[in-house]
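A.B. asks: Starting from the two chains in their separate frames, assemble the complex, guided by the hints.
Each protein sequence line maps, in turn, to chains C and F.
Reading the first sequence from the start, the letters are residues 1 to 390 in the numbering used here.
Reading the second sequence from the start, the letters are residues 391 to 622 in the numbering used here.
It should be emphasised that the hints constitute simulated quantities derived from the structure, not laboratory data.
Glycine included, each C-beta is placed from N, C-alpha and C at the ideal position.
Hints may be right or wrong, so weigh each one.
[Said to hold, decoys possible] Computed spacing ranges between beta-carbons, pair by pair:
#1 C:Met285 / F:Asn532: 24 to 32 Å
#2 F:Gly406 / C:Phe264: 49 to 57 Å
#3 C:Ala365 / F:Asp417: 53 to 61 Å
#4 C:Phe21 / F:Asp570: 44 to 52 Å
#5 F:Gln533 / C:Phe21: 25 to 33 Å
#6 F:Gly406 / C:Val271: 53 to 61 Å
#7 C:Met285 / F:Ile402: 29 to 37 Å
#8 C:Met285 / F:Glu613: 44 to 52 Å
#9 C:Tyr376 / F:Ser392: 45 to 53 Å
#10 C:Phe21 / F:Ser578: 22 to 30 Å
#11 C:Met285 / F:Pro431: 33 to 41 Å
#12 F:Ser535 / C:Phe21: 29 to 37 Å
#13 F:Val466 / C:Glu48: 34 to 42 Å
#14 C:Leu278 / F:Ser578: 49 to 57 Å
[What the hints assert, rightly or not] Capping the alpha-carbon separation at 27 Å, the derived lysine-lysine pairs in DSS-like fashion look like this:
#15 C:Lys176 / C:Lys190
#16 C:Lys5 / C:Lys16
#17 C:Lys16 / F:Lys528
#18 F:Lys504 / C:Lys293
#19 C:Lys236 / C:Lys90
#20 C:Lys18 / F:Lys581
#21 F:Lys528 / C:Lys310
#22 C:Lys90 / C:Lys135
#23 F:Lys581 / C:Lys310
#24 C:Lys16 / C:Lys236
#25 F:Lys520 / F:Lys463
#26 C:Lys5 / F:Lys528
Residues per chain, in single letters:
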Amino acid sequence: MMYLKDIAISNLRIRKLKVFFLILGIILGITTVVTLTSITIAMERQLEDRFESQGTRLLVTPESQALSLSYNGVSVASGVAFEAPVLPQKVLEDVIELKDKGVSIVSPKLVQPAEVASNKVLITGIEFNSEQKLKNYWEIQGQLPDENGLLVGKGIKDKLGISIGESFKIQGNTFKVEGILNETGAAEDKLIFMNLNKLQELFNRKGQLTFIELNVVEDLEGTLNEQLNEVTSSLKERNPGIDVSAVKGQDEARKEVVDRFAKFSLLVSIVVLFIGSLIVLTTMMSSVRERTKEIGVFRAIGFRQSHIIKIILTEALIISVIGGVVGYLSGVLLAKIAAPYIAQIDVQIGWNIGVGLLAIIISSAVGLLSSAYPAYQAAQLDPVEAFRSL
Amino acid sequence: MSLIDVKGVSKIYRSGEEEVTALNKVDLTIEEGDFVALMGPSGSGKSTLLTILGALNPPSQGNVLIDDIDIYKLPVERRADFRSTYIGFIFQQFQLIPYLTAVENVMLPLAILKHSHGEQLEMAQNVLDKVGLSNKMKRLPNQLSGGEQERVAIARAIVNQPPLVFADEPTGSLDTKTGDEIMRLFQSLNKEGLTIIMVTHNEENLSYAKRTIWVRDGQIEREHLTGAAVSF
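Just chain F, with the same shape it has in the complex (with noise of 0.2 Å):
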């Protein structure tokens, strides 16, 4: 059984009289350990993709399910609910919470579940030792640099220990050097077991994943696995 199985899912977006198709009929699985790549240009659907991989945007026709789980037919309320345990995500430009210290953000994911201030505490150091920013616990997104502020990000998509974690251009605000400790990381997480699931513009990122997939007007175009893969 596919982690992720997607049926004939299509998006059409309408405004006025005017409709848009982003994506068009697209099948697509995902395996349970995969670190799959999604690359196309702007407008190409991948990020439409994504938010629906991501049970953030009902398709207009079509299924998604995740763990055998239809995640459309559930309410929208029981979505959100699903999304808490089952689903980390790491969003372009970071998105941290500015008013929030790094451990604070981090702990975000548990302010809805029903873990105890101590749980919440272990659970976000833990974390943050693992994306190597426990020494900068208590620092605001602005008195971090890039990187520190996209492993925190990472620390925040993960502290619940969703097993599925979607990320939309993760190094798209970074230098290279620093984009690459990241996709490092990422590839490190992945190896632990943690399926992971990447919207990038950058190619040289593509070798870290071990699937690219390749969408153009709202269709995969084509898909092949990558060194990482051939590697594992």
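Next up, chain C with everything else stripped away, as it sits in the complex (with noise of 0.2 Å):
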């Protein structure tokens, strides 16, 4: 049969070496839009599922009594304490009382300063399973310690030299190092950890506490907002001398870098289709050049500019959907080898219709736009000229 679309394919299977530059084109720029879409995807999807399990954390502190002092805008004093506040043990039970509103996991501590190797220190007392769990980032090398074993931030482990078995004297008491925690970026580097109870025994801080962090978890009875203004309002309601906070903790800090990972992906996209659609540009225009005889003979024949452009467009479309299709396919094989580095995530990339509909998508239209203004050069061919040609 002869349509228009068989013109079309006929040129193709001809002129490989063109048709294969063009798809190229095509799949640079699919496959980078299909890689980051897909690790941004994964990332999101992770997030997600992080936050549906772990919720929101809260930290319970005692109402702030700092003083701050500035001359002419500057800073000459703050945080300056009456007294050092504490959370009586009260609010703990309170907090613990709260588990049937979302409370998911409570973790108490105590900060306390203290000489360690001849150095000032400050110590958390924490109960480490319950740290543990709200904290699932932490990476510690050799175990988490008992009773009387200390786990110590990378920072403080650089600034005194400490290796894991190393003893030292508390208050004159014996600890030994049975844990050091990687690096977090936080606070946390630079504190040692010690059991919390084991602290308040050895200060004697029995019932003290400096803040509680909990996590609060969507239920089913309830959106997460609802229970975080629940759980709020109880805590400061029996404890009016409370101050309830969320914290942005590692998630959150997470999904800004995936939030920025997701703009600058966008950016890359754009660029690279930019290119791939310039490339198709090109390579049409050129195309069109060397079939100027034909086009003529078409002209003379009867064939309308409409049927002209038709052609150029219709294999420009053939091109971009075969360009969109190996672009997926590459994309999503891509991102699975990339992910782990790109993203230092282990969820599963997988086969999404979705993206890949959106991949075949966007090169159609990128194939479609850059050859309309070669379509047009090739209708305006006047039969004539080309007629000359002959």
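C.D. replies: Next comes the structure, spelled out in structure tokens:
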């Protein structure tokens, strides 16, 4: 049969090298888009899963009594307190009672300045198991300490040259370093951790806490926001002298990273697609120039300008769809390989029909838009000019 | 009523400040069933006349009526439609589309007309049969001899049964024997009622045509009936 699409297909079959370059231009663009989009989607999905399972973190602290002083905009004194604020044990009991309101993990802490190996440090007393559940990004060399053990943050370890197995005297008692925390980039790097009860006992601070970290997850009864509000207001009602605030944890920080990565991916995708479209434009322009005689024949035997345009755009569409499909397949494969390195995630990158369709739509749009001007140029060829060259 | 009526046609080409008059006030009529040879030296204007008659090249002055239709008063795309149903072209050096087979080349004019695949194939096979090439339908142009390519070009020009065919140097690329075969084919098609206008340098071809028109310096110098007209 002989319809316009058959002319387009037959032409593509014979110009293999040109078609190869055209498809390659599209593939490069689409592969980039699909790779970055797949990784971004996987990162967002992983975050969503985390948020769902881990909810939002709250910090319960004593109401701040710190004062500050500034002269002409220059801060001369800040955080000056009348006395070191503490949370009484009752607050912890009230928090634990709220477990039916979505409170999933409770981690009380006491921060105590002390001297270790002739250095002033801050020791934080924690319940190791609860804290590890809360801070699931912790990577510990060695092991989680027992009652007489210490967990040392990376910063302190480097500053004091501490290694696992070393022992220190604190308040006359000997404690062994059983674990070292890998760098977190947060305050934990500068702390030494020990068992909460042990610290309270050691410094005669039984029943005292500096703050409580807790996790609120969404349950079936209400939205996360409603639960957060309920927990906050309930705690403040029962304990007027406390502050309850949401913490920007690792996941919130990661969300910012993911958002920035998504924006960066979009920018890179646009640039690469633009380059791909330039490859298509220049190759199609050259193809139209080579086909002056052929197009002249078409026009002479009665093809309208619209017929010529349809032939060129049909060729562009065929190339674009092939480029889109191959670009999608290679993009997903590349994402599977690259995701652990780029995004440091172990989420499975899957075959997403939505992304596949989007890839084909984008490639078709790029191919058609880039070929619009060459198609127009081809249609404008005066059949007589082509006839003269015949 | 003549099939083609040319009145006061001139064609002036402008290049910067330079003007070239390719045709100067040409009057011409061609009757249905004519077989006209246009002769003349290079630059005489015969190819320009051919393209103007073929509804491809608007004249600077004058009118061209084909079947009483003033073709250059038609909008450009309607003129293209007119060519697709009324006129067949046989181009110099065949100009077959290299990536289409013989039968696909012949079906090319049908691609823009509303024929089913079955109708297209039937029409193409009929004309290939007529030109003696039904056994080489699936060959690409580079797999055909010069004479065979010319036959495919002829088949392509007549597949949609136009009343009028224009041929530009149809035997220019062929040896004498093959050229004669082609001219006999033209004659046989003309006998069936096809009006043929042919540009040629080859005086031997004149004996196959019914009329010869000499063109020189953009004007019709002379014309006469040839032996073929007399014998008809």
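A.B. asks: The structure should be examined with respect to each hint, and the outcome stated for every one.
C.D. replies: Hint check results:
With their beta carbons about 26 Å apart, Met285 (chain C) and Asn532 (chain F) fall inside the hinted range of 24 to 32 Å. Here the CB-CB span from Gly406 (chain F) to Phe264 (chain C) is close to 54 Å, well matched to the stated 49 to 57 Å. Restraint check, Ala365 (chain C) to Asp417 (chain F): a C-beta distance of roughly 55 Å satisfies the suggested window 53 to 61 Å. Distance hint for Phe21 (chain C) and Asp570 (chain F): a CB-CB separation of about 47 Å, consistent with the stated range 44 to 52 Å.
The beta-carbon spacing between Gln533 (chain F) and Phe21 (chain C), approximately 28 Å, falls within the hinted interval of 25 to 33 Å. With their beta carbons about 43 Å apart, Gly406 (chain F) and Val271 (chain C) fall outside the hinted range of 53 to 61 Å. For the pair Met285 (chain C) and Ile402 (chain F), the supplied restraint of 29 to 37 Å holds, since their beta-carbon distance comes to about 32 Å. At about 46 Å, the beta-carbon gap between Met285 (chain C) and Glu613 (chain F) stays in the expected band of 44 to 52 Å.
Separation of Tyr376 (chain C) from Ser392 (chain F) is about 39 Å and departs from the stated range, judged on CB atoms against 45 to 53 Å. Take Phe21 (chain C) and Ser578 (chain F): their Cβ atoms lie about 48 Å apart, and the range 22 to 30 Å is violated. Between Met285 (chain C) and Pro431 (chain F) the beta carbons are some 38 Å apart, a value that agrees with the proposed interval 33 to 41 Å. Our hint of 29 to 37 Å for Ser535 (chain F) and Phe21 (chain C) holds, since their Cβ atoms are close to 34 Å apart.
Between Val466 (chain F) and Glu48 (chain C) the CB atoms are about 59 Å apart, so this pair departs from the stated range of 34 to 42 Å. Taken as a hint, the range 49 to 57 Å holds for the pair Leu278 (chain C) and Ser578 (chain F), whose Cβ atoms sit roughly 54 Å apart. Proposed proximity of Lys176 (chain C) and Lys190 (chain C) is supported: the alpha carbons are some 18 Å apart, at most 27 Å. Pair hint Lys5 (chain C) plus Lys16 (chain C) holds up; C-alpha atoms about 17 Å apart against a cutoff of 27 Å.
In summary, the hint linking Lys16 (chain C) to Lys528 (chain F) is supported, as the alpha carbons are separated by about 21 Å, within the 27 Å threshold. Between Lys504 (chain F) and Lys293 (chain C), the direct Cα distance comes to roughly 25 Å. Compliance with the 27 Å bound is thereby established for this hinted pair. For a cut-off of 27 Å, the pair hint linking Lys236 (chain C) to Lys90 (chain C) stands: about 12 Å separates their Cα positions. With a C-alpha separation of about 46 Å, the suggested pair Lys18 (chain C) and Lys581 (chain F) falls outside the 27 Å cut-off, and the hint is violated.
Taking the CA atoms of Lys528 (chain F) and Lys310 (chain C), the gap is near 26 Å; set against the 27 Å cutoff, the hint holds. Taking the CA atoms of Lys90 (chain C) and Lys135 (chain C), the gap is near 24 Å; set against the 27 Å cutoff, the hint holds. A C-alpha spacing of about 39 Å is found between Lys581 (chain F) and Lys310 (chain C), which places the hinted pair above 27 Å, so the restraint is violated. Distance check on the hinted pair: Lys16 (chain C) and Lys236 (chain C) sit about 74 Å apart at the alpha-carbon level, beyond 27 Å; violated.
A hinted pair counts as satisfied when its Cα atoms are at most 27 Å apart, and Lys520 (chain F) with Lys463 (chain F) does not qualify at roughly 35 Å. Taking the CA atoms of Lys5 (chain C) and Lys528 (chain F), the gap is about 19 Å. The hint holds against a cut of 27 Å.
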